[in-house]
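2 protein chains.
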Amino acid sequence: MELVPIGIFHSPYKTKDEAPHQGRGSEVVAYIEVFEKYIQGLKDIEEAKYLIILYWAHQAKRDVLVTKTPFSDVPKGVFACRSPNRPNPILLDVAELVDRKGNVLVVKGIDAIDSSPVLDIKPFYAEIDVPKEILFSSVVRKESET
Amino acid sequence: MELVPIGIFHSPYKTKDEAPHQGRGSEVVAYIEVFEKYIQGLKDIEEAKYLIILYWAHQAKRDVLVTKTPFSDVPKGVFACRSPNRPNPILLDVAELVDRKGNVLVVKGIDAIDSSPVLDIKPFYAEIDVPKEILFSSVVRKESET
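If you're matching them up, the sequences are chains A and B in order. Residue numbering for the first sequence follows our numbering, starting at 1 and increasing by one per position. Residue numbering for the second sequence follows our numbering, starting at 1 and increasing by one per position.
Do not rely on the hints blindly, as some may be mistaken.
If several chains are the same, the list does not tell them apart, and a pair holds so long as it fits within one copy or across any two.
[Stated by the list, open to error] Derived lysine-lysine pairs resembling PhoX-like cross-links, with alpha carbons at most 25 Å apart: (1) K132 x K49; (2) K37 x K61; (3) K37 x K132; (4) K68 x K43; (5) K37 x K16.
Derived by calculation from the structure, the hints in this document are not laboratory data.
When you get a sec, could you build the whole thing from the sequences and use the hints?
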């Protein structure tokens, strides 16, 4: 199972310390350069408002199974948290597609550091990527807040 | 970028034709066997109700860039649709964690076919995996339906 980079992130975050723990809601703009060889795969991508971007955490440690998180003193299993350190350091950002300029996607809501290899891009669909109960509970939460 | 299987899917779907296009909402139960070498990575996974499971579509074609979808006669770029055929056939299921029995996770809401290699497991968090606008629009939709 050998991966090929289909593109590369151009991000203002140059180091792990500069990047946020999570990108959602960030107004920071980043660019995905899709390599020419794969440009046909972008056909009709403008129809998507949000994208799931899978990228490779090229600076991650792959031999870590239990790790501290920023949210607790109790170490967690890597499959029970979102640490970039994991056996297969494939990270996931749900990003807003702001614009497309040829082979370059302009996106918001990312936490990837500069030069991260991009592995895959998929359109995000609430109907398949959000459990029904969560959409429903967000309604309940909103109503109880008002 | 060489991947290692951290486990394997035991799924009732034996062939691509048997599997649904998407697993969300399915009551069908499947099992993820996490290999002994990686079992420490599961520490505290019971705290998650939903998991993002990344798995390898071992029967996918990797040289396809434009493809027909079940939803339209117009072919789309593979990065603009959810076809398993793509340069890096890493598929994603947001599944419900029903139970854990040692190194086996019992999950619902999957579309993986039997024996698919499992690459990564992450806890799903609405706060980071669902765009704010989508949670909000689900509220609007619900209210307009009532």
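Evaluation of the provided hints:
| no. | hint | verdict |
| --- | --- | --- |
| 1 | K132 x K49 | both (20 Å within a copy, 13 Å between copies) |
| 2 | K37 x K61 | between (30 Å within a copy, 16 Å between copies) |
| 3 | K37 x K132 | neither (38 Å within a copy, 34 Å between copies) |
| 4 | K68 x K43 | between (41 Å within a copy, 12 Å between copies) |
| 5 | K37 x K16 | neither (29 Å within a copy, 28 Å between copies) |
Comparing the model with each earlier hint shows violations of hints 3 and 5; every other hint is respected.
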